[in-house]
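Engineer: This is what each chain is made of:
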Amino acid sequence: MDDPLIIAGREFRSRLITGTGGAANLSVLERALVASGTELTTVAMRRVDAAGQTGVLELLRRLGIEVLPNTAGCRTSAEAVLTAQLAREALETNWVKLEVVHDEETLLPDPVELLDAAERLVQDGFVVLPYTNDDPVLARKLEDIGCATVMPLGSPIGTGLGIRNPHNIELITSRAGVPVVLDAGIGTASDAALAMELGCSAVLLATAVTRAQDPERMGAAMRCAVEGGRLARLAGRIPQRFWAQASSPGL
Amino acid sequence: MKAQVNGTSRDLADGTSVAAVVSLVGAPDKGVAVALDGAVVPRALWDKTIVPDGGVVEVLTAVQGG
Chain A
52 MDDPLIIAGR EFRSRLITGT GGAANLSVLE RALVASGTEL TTVAMRRVDA
102 AGQTGVLELL RRLGIEVLPN TAGCRTSAEA VLTAQLAREA LETNWVKLEV
152 VHDEETLLPD PVELLDAAER LVQDGFVVLP YTNDDPVLAR KLEDIGCATV
202 MPLGSPIGTG LGIRNPHNIE LITSRAGVPV VLDAGIGTAS DAALAMELGC
252 SAVLLATAVT RAQDPERMGA AMRCAVEGGR LARLAGRIPQ RFWAQASSPG
302 L
Chain B
6 MKAQVNGTSR DLADGTSVAA VVSLVGAPDK GVAVALDGAV VPRALWDKTI
56 VPDGGVVEVL TAVQGG
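Those sequence lines, one after another, are chains A and B. Quick note, the first sequence lines up with residues 52 to 302 if you use the numbering used here. Quick note, the second sequence lines up with residues 6 to 71 if you use the numbering used here.
Simulated from the structure, these hints should not be mistaken for lab results. Any given hint might turn out to be false.
Some chain B residues near chain A, calculated using beta-carbon distances under 7 Å [stated by the list, open to error]:
hint: 1; residue: N11
hint: 2; residue: G36
hint: 3; residue: A40
hint: 4; residue: L41
hint: 5; residue: A49
hint: 6; residue: G60
hint: 7; residue: V61
hint: 8; residue: L65
hint: 9; residue: T66
hint: 10; residue: V68
Every value quoted in this text rests on a predicted model; they were computed, and no experiment measured them. All C-beta atoms in this analysis are idealised placements derived from N, C-alpha and C, irrespective of residue type, glycine included.
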């Protein structure tokens, strides 16, 4: 069944976007990425002498996975815009996962700075994929100013708490005109499946795979979960009932 | 003259170019970008762009993240 994910006119067969942070080493990361089937993967921008880890770009190129630079670590619109511009220069892509977080404890998006940065980057010709709160109003505003997706969190980054407000995610997916990507908070496969059942077009996750006891196997689990959830969404679930309803004919 | 390179104060010869600073920090050939005083310096201008006294240079590359 041909059911591609389309972002800004580009088609992806996989509906799983992954991060590369948290993996013990590049060989673990490689096996996890391959098992996940991802075609689009995030990287962060850092100072050359503080990087400590190199080779991730070569790995992604060898695997044929598109690079999606992020603005992780930025706290203000100005920082995020400069980081996105540096990523565009370094990686020759105008796509950016826009992150502008408020504080280290929650890593929650700062909506005021986020919206400002998104607007400036759209005007500067970027394809903007913003990491946002699970706020239907903010999601609508990000779409209105020209973002290519909206990417609401399920719960704070790295917590693995899953989707804390499924109704908000459904409010966002029910009226979005761009793909909704559930970003952050995924802990295990059922969370990813639920995101898709709620109408998300894709799931973005990192920690749930890279810090799992067996990242390769969890990568495969997430691939299956996203596919299963998507199929269930398209198939249309049965209404929930209070009382039982026999599935065998009466005697 | 002095400049801040990736957060560290460095003594640089007058007329040092951005390209020279990039090799000074040991940046890889690909996947690198430079900001001078908060603005991107396109790769094509690295040779021509001279770091001013007190300039702030950031040399960035992609790492695992997100």
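Engineer: Hint by hint, say whether it matches the structure.
Structural biologist: Okay, the hints, checked on the actual structure:
1. N11: It holds, given that the least Cβ distance between B/N11 and chain A is near 4 Å, below 7 Å.
2. G36: At about 5 Å, which falls below the 7 Å cut-off, the nearest Cβ of chain A leaves the hint on B/G36 intact, so it holds.
3. A40: holds, 6 Å
4. L41: violated, 11 Å
5. A49: Since the shortest Cβ distance to chain A is 10 Å, the answer is violated.
6. G60: violated, 16 Å
7. V61: Result: violated, 12 Å to nearest chain A Cβ.
8. L65: This interface hint holds because 5 Å falls under the 7 Å limit.
9. T66: OK, holds: B/T66 within 7 Å of chain A, min 5 Å.
10. V68: Holds: closest Cβ of chain A sits about 5 Å from B/V68, inside 7 Å.
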